[in-house]
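Using UniProt numbering, the first residue of the sequence shown is number 1, and each one after it goes up by one.
If you are wondering where the hints come from, they were derived from the structure by calculation, not from laboratory data.
Heads up, the beta-carbon is just placed ideally off N, CA and C, and yes, glycines get one too.
Among the hints, a few may not be true.
[As the list claims (entries may be wrong)] Derived DEER-like restraints, expressed as beta-carbon distance ranges:
no. : residue 1 : residue 2 : range
1   : 2         : 104       : 17 to 27 Å
2   : 4         : 106       : 45 to 55 Å
3   : 5         : 99        : 34 to 44 Å
4   : 82        : 36        : 27 to 37 Å
5   : 70        : 21        : 45 to 55 Å
6   : 39        : 104       : 18 to 28 Å
7   : 99        : 55        : 33 to 43 Å
8   : 24        : 108       : 35 to 45 Å
9   : 104       : 79        : 29 to 39 Å
10  : 106       : 58        : 37 to 47 Å
11  : 23        : 103       : 37 to 47 Å
[Unchecked claim] 25 Å max Cα-Cα, derived DMTMM-like pairs, lysine to aspartate or glutamate:
no. : residue 1 : residue 2
12  : 12        : 90
13  : 71        : 54
14  : 62        : 104
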Amino acid sequence: MNANQFREELVKIMPGYNWTIHQSRVPGYLSATGTQSSGFNRLSTLCVTRRETEGTVRYEAKSAGFGLRAKWLHSAEDRSLARALRGLQDHYEHMANTYRAHAEHLKVGRRRIDRMILEDL
């Protein structure tokens with residue numbers, strides 16, 4: 001696969017990102033960075049690498065949050081680009097559900113305390 005084919009694959013699956021393909025002298029290795037911005041604010045950064053060794057292809061996708069210097073939040077690796085991106089998305093959805101549940105427990109706990117305070121008055 002060459003850089004143009006890699007770009008086509010990325011744009012087909014993730015058209016909402018602006019893709020930059022990075023040059024590599026290593027055979028079988030391609031990498032790209034995709035960004036989403038609103039004005040001068042970077043909303044999301046996605047880095048995808050494709051490695052081909054001994055006929056086996058592996059994709060790694062990792063993403064960072066807001067800003068130019070944001071740290072990488074998580075990465076996922078799989079045999080296809082779509083599966084690597086789905087793994088990354090599944091991780092974030094799982095974490096969102098976990099945090100949503102914890103937030104709800106704290107909210108319920110505060111309500112019980114509020115009721116107890118009102119009953120004491």
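Hints, verified against the model:
no., hint, result
1, 2 - 104: 17 to 27 Å, "violated (49 Å)"
2, 4 - 106: 45 to 55 Å, "holds (50 Å)"
3, 5 - 99: 34 to 44 Å, "holds (38 Å)"
4, 82 - 36: 27 to 37 Å, "violated (19 Å)"
5, 70 - 21: 45 to 55 Å, "violated (21 Å)"
6, 39 - 104: 18 to 28 Å, "violated (34 Å)"
7, 99 - 55: 33 to 43 Å, "holds (41 Å)"
8, 24 - 108: 35 to 45 Å, "violated (52 Å)"
9, 104 - 79: 29 to 39 Å, "holds (37 Å)"
10, 106 - 58: 37 to 47 Å, "holds (40 Å)"
11, 23 - 103: 37 to 47 Å, "holds (44 Å)"
12, 12 - 90, "holds (20 Å)"
13, 71 - 54, "violated (32 Å)"
14, 62 - 104, "violated (29 Å)"
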